[in-house]
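Undergrad: Modelling step: build the complete structure from the supplied sequences, incorporating the hints.
For the protein sequence lines, the chains are A, B and C, in the order given. Numbered by my numbering, the letters in the first sequence go through residues 1 to 316 in order. Numbered by my numbering, the letters in the second sequence go through residues 1 to 330 in order. Numbered by my numbering, the letters in the third sequence go through residues 1 to 313 in order.
Rather than coming from a laboratory, the hints here were simulated on the basis of the structure. Heads up, some of the hints might be wrong.
[As the list claims (entries may be wrong)] Straight line, CA to CA, 27 Å or less: simulated BS3-like cross-link-like pairs of lysine-lysine:
no.	chain 1	residue 1	chain 2	residue 2
1	A	K212	C	K166
2	B	K310	B	K246
3	B	K85	A	K212
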Amino acid sequence: MLAYIIRRVAYLVPVLLVLSIVVFTFVEMLPGNIIDTLVGTEGNNDPEVRKILEKEYGLDQPVYVRYAKWLTRAVQGDFGNSLVTRRPVAVELMAGIPATVYLAVVGISLSMLIAVPLGTIAAVRRNTAIDYTAQVTSLIGISIPEFWFAILCVLFFSLYLGWLPSSGFANPFVDPWASLKFLILPAAAVGFRQAAYTTRLTRSSMLDEMNKEYVDTARSVGLSEGKVIFKYTLRNAMIPTITISGLQLANLLGGTVVLESIFAWPGIGRAIFEAILQRDYPLVQAGVLVLGVIVVVMNLLIDLTYRLLNPRVKFA
Amino acid sequence: MAETVPNTVLALDDLTVRFHLRRGDLTAVDGVSFAIERGQTFGLVGESGSGKSVTAKAIMRLIPDPPGEIPRGRILFEGSNILDKSNAEMRGLRGRHIAMVFQEPMSALNPVFTVCDQISDALRTNLGLSKAEARERVVELLSLVGIPSPHKRLDSYVHEFSGGMRQRVMLAMALSCNPGFLIADEPTTALDVTIQATILELITGMIERLGMSLLFITHNLGVVAHACDRVGVMYASHIVELGDKKEIFAHPQHPYTVGLLHSIPRLDGQAKYLTPISGSVCNMMEPPAGCKFHPRCAHAMDVCRREIPKLKEIAPGHLAACHLHDRGAA
Amino acid sequence: MTEIQADKLAELAVRRPAIGGRMARWRMALGNAWHELRKSRTASIGAVMLVLLFGACIATPWITSYDPIKQNYRERLQPPSEKHLLGTDRMGRDIYTRLLYGGRRLVAIALLAVTFGLSLGIPYGVLSGYFGGKVDTVAMRFIDGLLAFPGLLFYLLVVTLAREWKIEGLANDAVLVFALGFAFMPEVARLSRGSVLAEKQKEYVEASRAVGDSSLAIALRQILPNIISPLIVNATVRLGYVILIIAALSFLGLGTPPPTPDWGSDLAAARDYMETAPLIAAFPGLAICYTVLAFNLFGDGLRDILDPRLAER
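TA: Set out below in structure tokens:
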């Protein structure tokens, strides 16, 4: 198993290289360069100053040297300073990660709690009212744009009913109650779409599993229907569900940009989005890289989990 | 048909199973009746798709509804109709009184639970054993079915066993709660030829030792010759011939049975030509009118194309469903 | 687009007599497409919704007489009426008209993007799977790298570049097509590679090799028709997803700049009037929902029809 993990980690290297090249190329492809931005903000366009700055930022060197230097520093966690706040980019990003993880984890957990039982029941009671309701709801769930759903939630629960704040964030360790109130709408918006996916997935893999013979075997030795379904069958059906949910969680970490900006949620997605608006490209560059690394590592963890859940797959 | 005599373990009476599929209705089992005596081994023979496995599942009440339906018939187990029982009563019956060995142990055993988990769950549910007791009993069972060093294999998964060992595990699971009646649905078909005989002997040996009755389902008359006392031959959802094994092998009455017997390779010196049955099994969605076998039958007559022949007693205890015998009788 | 592909397939299927089961199935499926479609209620509903959608997109200039961009301050924020079917927005523009023109553009971009993704991904995956070995390993690592971009991030980068280079109008739409197609490529490549690996094992490929077909000819002529059905299902569902992404980008203000009719940015603009005129925000949202739902339903139904495992359910 250890050998397998080492090999998988080694696989990550080329993947991360591709990622870093794309991210680096992005900044390279911007018109003008970092100096324009700096000079522009300081209203100073003296060619001498430009020369000095170019040297300082290493712009006089060939592109592969700059890439190598950038990568070396990035690996050490040094992404340079934000052009807007002048603080280290790493610090700015780190500040956003907990809020994003908080939202994504709560959203995914919420969706699993709803979707797994719902998908299972829909499969067991196939072609009944419950099944149709679950299917239609989840189809709507995957078809509705999440920002529209979020707006509708805000319209109804904050503006019309006045139950929940329309946006904002509070630290759950400082003020859990307020934090919860801020969390409900964004988590529901994240959760609804995820729950829709997971319900569909659970339903279809339950249908697959329920056709298998081991289900009849379990019945044939006198086990109760509940045990047959919820222990023996669901355990098999959960393998794809958990795998896909893990991938979704990874995706969510970078995909909540829209929801974070609607709900003024101080996560990494919103940080990147605002950096784009303010042309703070070192922050954008680092943010995308960091999220990419998180996704890649998450994928590895999911792969390992999959192998733990499924005894048929060997760590070879 | 026959009223239940106390000595009868299982009696099927006009059992009919139908499936409502998207493409139309399919009658998989049509008016099947036979009885199995205590301590007897009954062989149900037929090609795949003839309805023999569906019959077995109907006895275990494992026909999914929908799309399955049992519009007619009774399944009398120890004198009472299985089809009238509540789900809870049925659960009490399964495992403890009737158990089943499936054809393909790889798919019939759960891939993500260990062998011990699966078997001991049955033990704990049915016999109320504790976790430790169940584990001990699993070791006994595994050694009973001939798995070497069972205590080492307890926590293995199904895919870690060889084909023959898997079927032994399957058998151990079926026998775990001391059922009096076992259904074996093609238990040797999925196995290597070399292991088939061993597993067959294991099953018949266990049946004899434990004094159980057995419904043995197979497509292989050769296997029947070894294992069974009585034989029923199924073709396209009907029983076409029913009788003692010796009687059927010596005096087969239905052209299909005759065909089956001719297609067994013989190694005992009585060299004969193998004569395969011409044609192939009819499409069960659109079965032919009259006798289902007539398109493949060398003796087909006009009446065969119109009327479904009824099972008639030809000799004591020997029944066949063929219009040829109407002639003979008349 | 699926129709166009279907035609090509039909051609292929007719020219090459039935080799491999899937091809036979395809011929059957196309021979009486409607009959097949009706087997799945989901697919029929999706098909009807799509026909309406495409019909509206094509007929746009004939079913509305308003200009989608010209402002008319005398008729701002009107409720739905006979004159303005869905009312007017904050600039006094007819919402119905803007929806139609916006949808036209959106659907066109989505179709082009998905086609682009397929045309990049299929050769990539087929060749990678066909040649195998080191080529395959390197090619797949590259794909993994592209898949490491979570959610919207890749599009954000591209759209930002477009903004910085001041790419506008049609060119901006082309950039969107490029980005969305490129992001679809890894999925297509993986799928086609997987199918190629599976098909490679089968006898008919061996058979045609034995007859002396050159290797690339096998890859394209034999394998392609057989891997296309999972791809079509995937592409259909992807169309819905692509529309969601375009809408999200313009909702963030990073897609199309304002005067152009666009469901996402119209929705974002309507947020300011949410309390006074909530309907303005409702219509673009409903339009997105309808379109994505149509593609999802059709894709789901197609999967049921094309996947023989589900045939009896």
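Undergrad: Would you mind marking each hint as holding or not holding in the structure?
TA: Now the hints, each set against the structure:
Restraint check: the Cα-Cα separation between A:K212 and C:K166 comes to about 58 Å, which exceeds 27 Å; the hinted pair is violated. Straight-line distance between C-alpha atoms of B:K310 and B:K246 comes to about 22 Å, which keeps the hinted pair within the 27 Å bound. Note on B:K85 and A:K212: the hinted pairing holds, with a Cα-Cα distance of about 25 Å set against a maximum of 27 Å.
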